[in-house]
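For reference, the chains in residue letters:
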Amino acid sequence: MTTGKSVSALAFAGALALVLAGCGDKPMIYKQGQYQGKPDSKPWDNEQFKGSQVEWEKAIKTRTQGQDEYSRAVASAK
Amino acid sequence: MARMKFLCDAERCIECNGCVTACKNEHEVPWGVNRRRVVTLNDGVPGEKSISVACMHCSDAPCMAVCPVDCFYKTSEGVVLHDKDLCIGCGYCFYACPFGAPQFPQDGAFGLRGKMDKCTFCAGGPEPDNSAAEFKKYGRNRLAEGKLPACAEMCSTKALLGGDADVIADIYRNRVLKRGKGSEIWGWGTAYGKPEKPAAQPPGAKS
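So the sequences go chain by chain: A and B. This note's numbering puts the first residue of the first sequence at -7, with every later residue one more than the last. This note's numbering puts the first residue of the second sequence at 19, with every later residue one more than the last.
These are computed hints drawn from the structure, not numbers from a lab. None of these values were measured; they are calculated from a predicted model. Heads up, the beta-carbon is just placed ideally off N, CA and C, and yes, glycines get one too. Treat each hint with caution, since some may be false.
[Unchecked claim] The following label-pair restraints were derived from C-beta to C-beta distances: (1) 108/B <-> 33/A: 19 to 29 Å; (2) 54/A <-> 131/B: 17 to 27 Å; (3) 34/A <-> 151/B: 10 to 20 Å; (4) 7/A <-> 35/B: 58 to 68 Å.
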C-alpha cells in the first residue's frame, strides 16, 4: 500500500513537472552583429568633415544647443 | 560618442504638424507613408496633450530582434537603420514596434505591402552618403551634413528636440526647472514660464 502511494506520488510529481515545464519561456535577447546588409559609412567620412569625428560632433553639438532658447536668449542679450 | 534620441515636450506641442510636413518635404516621402505623426490625447478637451511620434531609435530595438532577414543595424551614434535591399516586407517589425514607426507603401495593383520605410533620424541608409540612391531609398542624409533631423529643427515651439540624449535631456531639464510644474496650469505660462518682470505700461495707462 505504501509502495503504491509513493509510486503514485512520484508519478504525480513527474506529471506536474512536465506540465509546468510548458510554462517556461526562454527570453529572446537580440545579439548585436547579426546585421546581414551592406556596411554603412560614418557621417563624418565625407568632403565636409574630411573624416574628422571631432569636427562633426562639434557641428552637431552647436545645432543641438541651438534648440535651447534659454541659452540663445542669454547669448543674444550679451 | 553621441547617442541620438528624440524628446517631445507635450506641454509645448501645439499640434501644428510642422514636423510631419518637414519630414515629408525633406525626404519626399510617398503618399500613405508617414514617418512621423502627431498624436493628441483628449482632443478638444481643455488640457489636451499632443506629442510628435516617429521611430524612437530604441536602445534595445524590438524591430531588430524580430526581423527574420536581419536587415536592421544600429549606427555608432545610436540610430536604428535598415537595408531596404534585404527587407522582404513581412511586417514583423510593424507588429513588434510599440510606436507604430515602420510604414509600408500600399500602392501597386494588388495592394502590395512593399519594403518597410521608417524615420532614419535623417541619417539615410547604407548607400553612399548623400548619393542619389540613398535619397531615393531613404531620403536625405542631414546627419552627414552636420545637421539634425528636419522635424526637430523645424519645430516652431521647440517641443520636439532631437540630438545627443544627454544634451537634449539637459535642455529639457533646464526648461522644466524654469517654468515650474502644475497639473492645473496649462498653456503659454506652463510651456515658456512667466516673465520675470511685468510688461512695461505706457505712461498714463490704467493698470
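Hint numbers contradicted by this structure: Failing hint: just 2.
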